[in-house]
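> Once you know that position 48 of the sequence shown is 48 in UniProt numbering, the rest is easy, because the numbers rise by one and skip nothing.
Note that these hints are calculated values from the structure, not bench results. The reader is advised that the hints may include incorrect statements.
To be verified - In silico DSS-like cross-links for lysine-lysine, where the CA-CA straight-line distance does not exceed 25 Å:
1. K79 / K90
2. K79 / K95
3. K9 / K28
4. K80 / K90
5. K80 / K95
Claimed, not checked - With beta-carbon atoms standing in for the labels, derived distance ranges:
6. V26 / R81: 36 to 42 Å
7. K80 / V8: 19 to 25 Å
8. F29 / V62: 47 to 53 Å
9. E6 / L70: 52 to 58 Å
10. P17 / L69: 37 to 43 Å
11. Q59 / L7: 51 to 57 Å
12. C3 / D64: 30 to 36 Å
13. K80 / S35: 35 to 41 Å
14. Q30 / V8: 19 to 25 Å
15. E63 / V26: 33 to 39 Å
16. F29 / C88: 45 to 51 Å
17. A75 / A10: 44 to 50 Å
18. D14 / K80: 17 to 23 Å
19. A75 / V8: 35 to 41 Å
Think of the CB as a built atom: it goes at the ideal place given N, C-alpha and C, for glycine as much as any other residue.
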Amino acid sequence: MECHSELVKALGNDALPYRTVVARWVGKFQQGRVSTSDLQGSRRPASVWTVVARAVIEQLMVEDRRWRLLELERASGIKKRTVHRILCNKLHLLKIASL
Numbered sequence: 001m002e003c004h005s006e007l008v009k010a011l012g013n014d015a016l017p018y019r020t021v022v023a024r025w026v027g028k029f030q031q032g033r034v035s036t037s038d039l040q041g042s043r044r045p046a047s048v049w050t051v052v053a054r055a056v057i058e059q060l061m062v063e064d065r066r067w068r069l070l071e072l073e074r075a076s077g078i079k080k081r082t083v084h085r086i087l088c089n090k091l092h093l094l095k096i097a098s099l
């Protein structure tokens, strides 16, 4: 509770609520945690859907590289934003046909 009092003194009404955030972090530090940085491997693993979506988009691109995002969305059933993310971040294809 002392930690939260210090936060309230420093931040006033902008201080984080004690029960939801501060108490959780105090507990983690009492258990031996030494940093607020993300732990190694704390991100969720890629889902099967992500792997399947990538394979579908990759196969469509192998067949014809002149797709527009909207066409890929319609052909694959995968949302345009996800298609774009797969093309840029996973397949490293940055140039997309504009016509």
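> Next step is simple, just say for each hint if it's right about the structure.
Hints and how they fare:
Taking the CA atoms of K79 and K90, the gap is about 16 Å. The hint holds against a cut of 25 Å. Annotation: proposed proximity of K79 to K95 holds, straight-line Cα distance about 19 Å (limit 25 Å). With a C-alpha separation of about 22 Å, the suggested pairing of K9 with K28 holds against the 25 Å cut-off. Under the criterion of a C-alpha separation no larger than 25 Å, the hint pairing K80 with K90 is consistent with the structure, at around 15 Å.
Note on K80 and K95: the hinted pairing holds, with a Cα-Cα distance of about 15 Å set against a maximum of 25 Å. Taken as a hint, the range 36 to 42 Å holds for the pair V26 and R81, whose Cβ atoms sit roughly 38 Å apart. Remark: the range hint 19 to 25 Å for K80 to V8 is contradicted by a beta-carbon distance near 45 Å. F29 and V62 have their C-beta atoms about 51 Å apart, which keeps the hinted 47 to 53 Å range intact.
Our hint of 52 to 58 Å for E6 and L70 holds, since their Cβ atoms are close to 53 Å apart. As the Cβ distance of P17 to L69 is approximately 41 Å, the hint placing it in 37 to 43 Å holds. As the Cβ distance of Q59 to L7 is approximately 52 Å, the hint placing it in 51 to 57 Å holds. Take C3 and D64: their Cβ atoms lie about 59 Å apart, and the range 30 to 36 Å is violated.
A C-beta distance of roughly 38 Å is found between K80 and S35, which places it inside the suggested range of 35 to 41 Å. Range check, Q30 to V8: Cβ separation about 20 Å, and the 19 to 25 Å hint holds. A hinted range of 33 to 39 Å is violated for the C-beta pair E63 and V26, which are about 56 Å apart. For F29 paired with C88, a C-beta distance near 38 Å fails the hint of 45 to 51 Å.
For the hinted restraint 44 to 50 Å between A75 and A10, the CB-CB distance of approximately 54 Å leaves it violated. A hinted range of 17 to 23 Å for the beta carbons of D14 and K80 is inconsistent with their spacing of about 37 Å. For A75 and V8, the Cβ-Cβ distance of about 55 Å falls outside the hinted range of 35 to 41 Å, so the restraint is violated.
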